[in-house]
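Protein chains: 2
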Amino acid sequence: MITKIALVGFGTVGKGLYEILKEKEVRFKEKYGFTYKIVAIADRSFGNVYNPNGLNMDRMMMDASMGNRFTEDLVEWDNITLIKECNADLVCELTYTDLKDGGPAIDHCKAALSSGKHVVTSNKGPAALFYPGLKKLADAHGVKFMIEGTVVAGTPVINLASGPLAGCEVTKIRGILNGTTNFILSEMEKGKRYKEVLKLAQKLGYAEADPSGDVNGIDARGKVTILANIVMGAGMKIDDVDCKGIAEITLEDVLEASAENKRYKLIGTVERVNGKVIGKVAPEKIALDNPLASINGVTNALTFSTDLLGDITIIGPGAGKEETGFSILTDILAIHRNMCCC
Amino acid sequence: MITKIALVGFGTVGKGLYEILKEKEVRFKEKYGFTYKIVAIADRSFGNVYNPNGLNMDRMMMDASMGNRFTEDLVEWDNITLIKECNADLVCELTYTDLKDGGPAIDHCKAALSSGKHVVTSNKGPAALFYPGLKKLADAHGVKFMIEGTVVAGTPVINLASGPLAGCEVTKIRGILNGTTNFILSEMEKGKRYKEVLKLAQKLGYAEADPSGDVNGIDARGKVTILANIVMGAGMKIDDVDCKGIAEITLEDVLEASAENKRYKLIGTVERVNGKVIGKVAPEKIALDNPLASINGVTNALTFSTDLLGDITIIGPGAGKEETGFSILTDILAIHRNMCCC
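First to last, the sequence lines map onto chains R and D.
Quick note: the first sequence, position 90, residue 90 per the working numbering, numbers continuous.
Quick note: the second sequence, position 295, residue 295 per the working numbering, numbers continuous.
Everything labelled a hint here was simulated from the structure, so no lab data went into it.
The C-beta atom is built at its ideal place from N, Cα and C for all residues, glycine as well.
Some clues are possibly wrong.
Unchecked claim - With a straight-line cut-off of 30 Å between C-alpha atoms, the simulated DSS-like cross-links for lysine-lysine are: (1) D/24 x R/172; (2) D/280 x R/276; (3) R/285 x D/285; (4) R/31 x D/285; (5) D/244 x R/24; (6) R/135 x D/203; (7) D/262 x R/192; (8) D/237 x R/29; (9) D/172 x R/24; (10) D/276 x R/29; (11) D/262 x D/192; (12) D/172 x R/31; (13) D/262 x R/285; (14) R/195 x R/172; (15) D/100 x D/192; (16) D/31 x R/237; (17) R/31 x D/24; (18) D/244 x R/31; (19) D/29 x R/276; (20) D/24 x R/280; (21) R/190 x D/244; (22) R/237 x D/24; (23) R/31 x D/135; (24) R/321 x R/195; (25) R/321 x R/192; (26) R/136 x R/192; (27) R/24 x D/135; (28) D/29 x R/136.
Unchecked claim - These stretches of chain D come out as covered by chain R in the derived footprint (C-beta under 8 Å, 3 or more residues): (29) 155 to 168; (30) 307 to 317.
Unchecked claim - With beta-carbon atoms standing in for the labels, derived distance ranges: (31) R/100 x D/142: 50 to 60 Å; (32) D/67 x R/273: 21 to 31 Å; (33) D/252 x R/273: 30 to 40 Å; (34) D/25 x R/239: 36 to 46 Å; (35) R/136 x D/67: 47 to 57 Å; (36) D/32 x R/19: 31 to 41 Å; (37) R/251 x D/261: 15 to 25 Å; (38) R/258 x D/255: 46 to 56 Å; (39) R/240 x D/172: 48 to 58 Å; (40) R/192 x D/256: 24 to 34 Å.
Start from the sequences, fold in the hints, and give me the full structure.
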């Protein structure tokens with residue numbers, strides 16, 4: 001069966017995803033019997049297009065690369081109508097993240113799920129704010145709500161927890177979930193001050209012009225909420241997560257930790273305490289013999305503490321164009337191979 | 001559907017597996033709809049037993065714990081007949097590893113697969129020596145040959161590679177695949193000599209009386225062969241893998257590496273070079289900023305280099321009673337949930 005895909009949002013991630021799908025087309029067909037068509041795209045800049053037999057993606061990519069509006073298959077439908085009316089089996093929600101009220105993404109997800117379409121998203125908004133409700137909606141319509149890309153996109157932590165680790169109980173999760181802050185702390189260990197490193201991070205594209213979402217721990221808090229709900233079934237809200245960022249960590253703090261054979265890391269924690277799941281984001285001094293201490297720069301890492309195995313740590317890249325495209329792909333393949341874990 | 005299981009070998013791993021299955025019975029039923037019966041056991045010490053409606057496992061455990069032969073449901077069948085004739089859906093092959101010719105395990109696997117039963121095994125013999133043939137046999141009979149427990153049992157590396165990492169191409173695998181040798185090298189860094197540490201490892205149960213299988217790299221070589229064949233589709237034989245152990249590493253070598261900010265590790269490598277997959281086991285000096293350098297003691301770790309994500313490292317326990325039981329369980333659940341990757 002050909003998987004018919006709609007892309008809502010055709011920015012870096014959407015284009016990156018298509019490039020991977022195209023590059024891997026032959027291999028995925030041979031190895032997993034996976035074939036696909038992109039039947040719809042909704043994008044603020046390029047317009048909304050639909051062709052039930054599959055869009056001419058070379059044309060769409062060319063239009064987009066020139067910054068033009070799409071030049072064929074344009075429809076008058078707004079996003080919600082397009083999502084509901086198109087013949088896609090699966091909708092990739094790839095618009096911008098809004099951690100306050102979920103932004104338009106929440107309505108996109110609802111429209112897709114309630115019209116019987118799987119949703120795959122890297123958008124932290126719906127996943128962090130409304131996971132339990134959206135999961136219920138997906139179940140009610142016999143489809144999947146898949147969110148690997150919302151947490152450490154370049155490292156498949158959610159599929160790891162709910163697939164290969166399914167046999168054990170995860171009792172605690174601790175991780176370095178934000179590359180920007182980890183880069184800043186790593187650089188400060190070299191003797192540089194916070195403000196100087198923040199400027200460098202902005203120059204290198206690791207931090208945004210307004211870095212508050214990263215440095216205040218807001219981004220990590222969203223990820224902690226998602227992990228708590230999806231891996232530990234918590235029903236947690238984002239405001240339930242205590243959150244402290246790294247802006248108050250001084251060079252002196254970092255050097256003092258070094259002298260104690262420790263390293264400051266911004267750690268996201270999810271833990272079951274007296275039967276209740278609690279979440280927290282805070283800078284912590286980590287001993288050097290802990291694998292999390294060895295994670296420098298924009299790399300991410302996560303330790304699952306389990307009943308049967310003790311600690312399992314996975315280390316890999318965070319979010320980037322290719323990484324996020326990969327995470328979407330992982331969920332698309334999991335749906336195709338009937339290997340969804342949640 | 002109730003999964004009917006036959007256990008071939010009822011030593012530490014077989015009993016450990018049953019204990020986990022019993023402990024997790026309610027959770028697995030609720031979460032995955034998984035229910036099971038043990039219908040047959042074949043064991044050299046305790047005898048061969050069969051009850052198509054399920055054995056009385058409390059009784060079997062009690063007999064075994066007292067070192068007695070089983071006291072009910074004994075059958076005259078030999079292992080092969082039991083495997084072929086019993087009504088199990090799935091056979092767990094848990095006898096001893098023979099890396100020369102596969103030992104009786106190879107015949108157990110063949111009997112099970114050819115009579116339409118899935119095989120789950122932690123036995124490196126059949127997996128390292130005959131994987132391609134057994135996989136073919138499994139495919140021909142529409143069943144699975146699952147071997148998570150053969151490589152770093154406490155860390156689900158095979159299910160990770162073939163499930164959550166399915167979207168990318170693994171171009172290289174490097175890992176610390178043997179806890180015994182890693183423990184020895186870690187202790188030598190504290191200034192102890194090889195022979196002294198080997199004695200300590202034997203005392204702690206980390207090394208066997210005849211430690212050659214571990215220290216000469218033979219165990220790691222088997223795992224390298226398995227990874228090459230299952231993750232990178234190599235069709236490799238165990239003798240194709242260059243193999244050097246750690247017996248010649250002196251305290252001076254270890255201290256010299258320390259002075260260079262490096263650590264000796266016994267590294268198993270699988271790599272695609274000019275289109276050909278090659279395997280190697282050898283001690284290597286690893287720079288301290290490589291995650292593999294931070295792995296001390298009996299912990300194992302493995303780095304998958306991939307086309308889309310760069311390096312993904314997973315760290316966790318090696319083989320032990322509970323860990324190996326877990327690995328068998330992971331494959332049993334994967335079969336039940338129709339989430340097998342290979």
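Discussion item. Hinted pair, alpha-carbon criterion (30 Å max): residue 321 of chain R, residue 195 of chain R. Please report holds or violated.
Written reply: holds, 27 Å
Worksheet item: Checking C-beta pairs, does the stretch 155 to 168 of chain D have three or more residues closer than 8 Å to chain R?
Response: holds (count 10)
Item to complete: Would you mind confirming whether the straight-line C-alpha gap from residue 31 of chain R to residue 285 of chain D stays at or under 30 Å?
Response: With a Cα-Cα distance of about 37 Å, the restraint between residue 31 of chain R and residue 285 of chain D is violated, given a limit of 30 Å.
Worksheet item: Do the alpha carbons of residue 136 of chain R and residue 192 of chain R lie within 30 Å of each other, as the hint requires?
Response: The given pair, whose Cα atoms are some 48 Å apart, is violated under the 30 Å limit.
Worksheet entry | Proposed proximity, residue 192 of chain R with residue 262 of chain D (alpha carbon, max 30 Å) | holds, 26 Å
Discussion item. Holds or violated: residue 190 of chain R and residue 244 of chain D, Cα atoms, limit 30 Å.
Written reply: Violated, at roughly 38 Å.
Worksheet item: Given the proposed pairing of residue 321 of chain R with residue 192 of chain R, does the C-alpha separation stay at or below 30 Å?
Response: This hinted pair holds, its Cα atoms lying about 29 Å apart.
Practice prompt. With a cut-off of 30 Å on the C-alpha distance, tell me whether residue 280 of chain D and residue 276 of chain R pass.
Written response: violated, 47 Å
Discussion item. If I claimed the Cβ atoms of residue 258 of chain R and residue 255 of chain D lie 46 to 56 Å apart, would that claim hold in this structure?
Written reply: violated, 24 Å
Worksheet item: Would the pair residue 195 of chain R and residue 172 of chain R pass a check requiring their Cα atoms to be no farther apart than 30 Å?
Response: This hinted pair is violated, its Cα atoms lying about 33 Å apart.
Worksheet item: Is residue 24 of chain D within 30 Å of residue 172 of chain R, Cα to Cα?
Response: With a Cα-Cα distance of about 18 Å, the restraint between residue 24 of chain D and residue 172 of chain R holds, given a limit of 30 Å.
Practice prompt. Given the hint that residue 262 of chain D pairs with residue 285 of chain R, test it: the Cα-Cα distance must not exceed 30 Å.
Written response: holds, 24 Å
In summary, the structure is inconsistent with hints 2, 4, 5, 6, 14, 15, 17, 18, 21, 26, 32, 33, 38 and 39 from the numbered list given earlier, while agreeing with the others.
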